[in-house]
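Undergrad: Sequences are here, hints too, so could you generate the full structure?
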Amino acid sequence: MAGTDVLALLKERDMLYQATDEAATRVAFESGRVSCYVGFDPTARSLHVGSLLPILVLAHVQRAGHRAVALVGGATGMVGDPSGRSSERSLLSDADVRGNAEAIRAQLARFLRFDGDNPAAMVNNADWIGPMSVIDWLRDVGKHFTVNSMLAKESVRSRLEDREHGISYTEFSYMLMQAYDFYWLFEHEGCLVQGGGSDQWGNITAGIDLIRRKTGKEAHGFTWPLVTSSAGEKFGKSAGNAVWLDAGLTTPYQFYQYFVRAEDVDVGKYLKFFTFLPVAEIASIMDEHARDPGKRHAQRVLAREVTRIVHGEAAAAEAESASAALFTRGGGGAAEKLKTLGDTVPTKPISRAGWAEGPVSAVNLVAMAGVVASKGEARRLIDQKGLSINEEVVTSPQHPVGLDRFIDGVLLVRTGKNNYTRIVLRD
RNA sequence: GGGAGAGUGCCGGAGUGGCCAAACGGGGCGGACUGUAAAUCCGCUGGCUUACGCCUACGGGGGUUCGAAUCCCUCCUCUCCCA
Numbered sequence: 013m014a015g016t017d018v019l020a021l022l023k024e025r026d027m028l029y030q031a032t033d034e035a036a037t038r039v040a041f042e043s044g045r046v047s048c049y050v051g052f053d054p055t056a057r058s059l060h061v062g063s064l065l066p067i068l069v070l071a072h073v074q075r076a077g078h079r080a081v082a083l084v085g086g087a088t089g090m091v092g093d094p095s096g097r098s099s100e101r102s103l104l105s106d107a108d109v110r111g112n113a114e115a116i117r118a119q120l121a122r123f124l125r126f127d128g129d130n131p132a133a134m135v136n137n138a139d140w141i142g143p144m145s146v147i148d149w150l151r152d153v154g155k156h157f158t159v160n161s162m163l164a165k166e167s168v169r170s171r172l173e174d175r176e177h178g179i180s181y182t183e184f185s186y187m188l189m190q191a192y193d194f195y196w197l198f199e200h201e202g203c204l205v206q207g208g209g210s211d212q213w214g215n216i217t218a219g220i221d222l223i224r225r226k227t228g229k230e231a232h233g234f235t236w237p238l239v240t241s242s243a244g245e246k247f248g249k250s251a252g253n254a255v256w257l258d259a260g261l262t263t264p265y266q267f268y269q270y271f272v273r274a275e276d277v278d279v280g281k282y283l284k285f286f287t288f289l290p291v292a293e294i295a296s297i298m299d300e301h302a303r304d305p306g307k308r309h310a311q312r313v314l315a316r317e318v319t320r321i322v323h324g325e326a327a328a329a330e331a332e333s334a335s336a337a338l339f340t341r342g343g344g345g346a347a348e349k350l351k352t353l354g355d356t357v358p359t360k361p362i363s364r365a366g367w368a369e370g371p372v373s374a375v376n377l378v379a380m381a382g383v384v385a386s387k388g389e390a391r392r393l394i395d396q397k398g399l400s401i402n403e404e405v406v407t408s409p410q411h412p413v414g415l416d417r418f419i420d421g422v423l424l425v426r427t428g429k430n431n432y433t434r435i436v437l438r439d
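If you want my numbering, it's the 1-based position in the first sequence plus 12.
One or more hints might be untrue.
Claimed, not checked - In silico BS3-like pairs for lysine-lysine, Cα to Cα no more than 30 Å straight-line:
no., residue 1, residue 2
1, K226, K165
2, K229, K23
3, K307, K281
Hints listed in this document are in silico derivations from the structure and should not be mistaken for laboratory results.
Because the structure is a prediction, the values reported are computed rather than measured.
TA: So, in structure tokens, the structure goes:
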């Protein structure tokens, strides 16, 4: 059966950074169904937007009719990947890694189809690395690598040159674990190709080398570019916080907002990276955007599409209408806005008991609700005209807020130009 | 094993007895401008307090002093040089 060349597909979307042997890889993809794996490290209990690219690459693999294999690094997560890092990681506990791996496994299920025909597969390297003894490890894996070649890898070299941080033997060994993963998956899951971020190149080629030495066969690898926003390497951070894929950590509204605020210079790239829209359609979206950038057409499409992929149609629609309600100029007062907002806008509860003594000052209100970290910050914000309650700028820290200001038990608070929080009254 | 040096706020990095909640830069936040953008400009950036002020803070602990990030002792961590 003829297959689709995934590399061409990725290339067309600028998602291909480098590949080991493009011609050979293409032939492999075109001549049948190929198993292709991508690894995820369980360093947190949720994936964040930074993992969106790897996820969508796997999704592209599956859509192209190939077999997508998602590897959760239950074993590698215990060690820590030095790639792309200037200093040693702190080790995670066994329980943390286990919990994170489980959570990530569940999350991936939202993006890949694990049933029907051509189901994706999920594997955990703790299953095969865990049971190995140190002696097995050194004899079966270590013997195939010269330290000389390991030292030459960028991830190691940069750390060797940096006297300040250095690299531990533990992290130094990481690439061997990933190399062994590839070998194991090649043998047991028929994985012919591994994909990864551009910082994974050394780890991927180490795997290909190991496979060649142990089996005499040729495997392939490719990488995608590092996603950075034009402003620097801040992609995935909003107000200093990571943008998570878990709706409990980052609401669909916040998620939508992150993308709708994308800079003009990044939108086109993001549309290609984070949506499944055909490149021709993206081109025409960008054309329309160029006619009147102020309308933020491309950003709206981007935010809508990505939110839909991650959180589903209903949540995306809700995030979109909440955003429209809050940000449409001259779009009515707080009461009207609140009416159309669901829980998707960040919501903080506050106890009714606070009003026992009468109205609460604006400072205390936002401090109690946890909208700001401290009362000092609240005062500063008010001083600088950065706080609004029900769309009215608060002019004094002592500004009294009575229960009557709540509209159906909800207060609309805005900090800065465009950060909204709903404060909900509780008994 | 011997010798030298370093640990400061979110980060980098000044400060070497009082004028230090600690220069300067970055980051973050707020404002102006705008398109929920970029660039630019201005302001803020430990906690509590309406405020006077109080409290916590310069690796940990102890001490000297009217007073310590700054001096002494000790412990911990890191770096460099020699072996």
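Undergrad: Against the structure shown, which of the earlier numbered hints fail to hold, in ascending order?
TA: As far as the earlier hints go, not one is violated by this structure.
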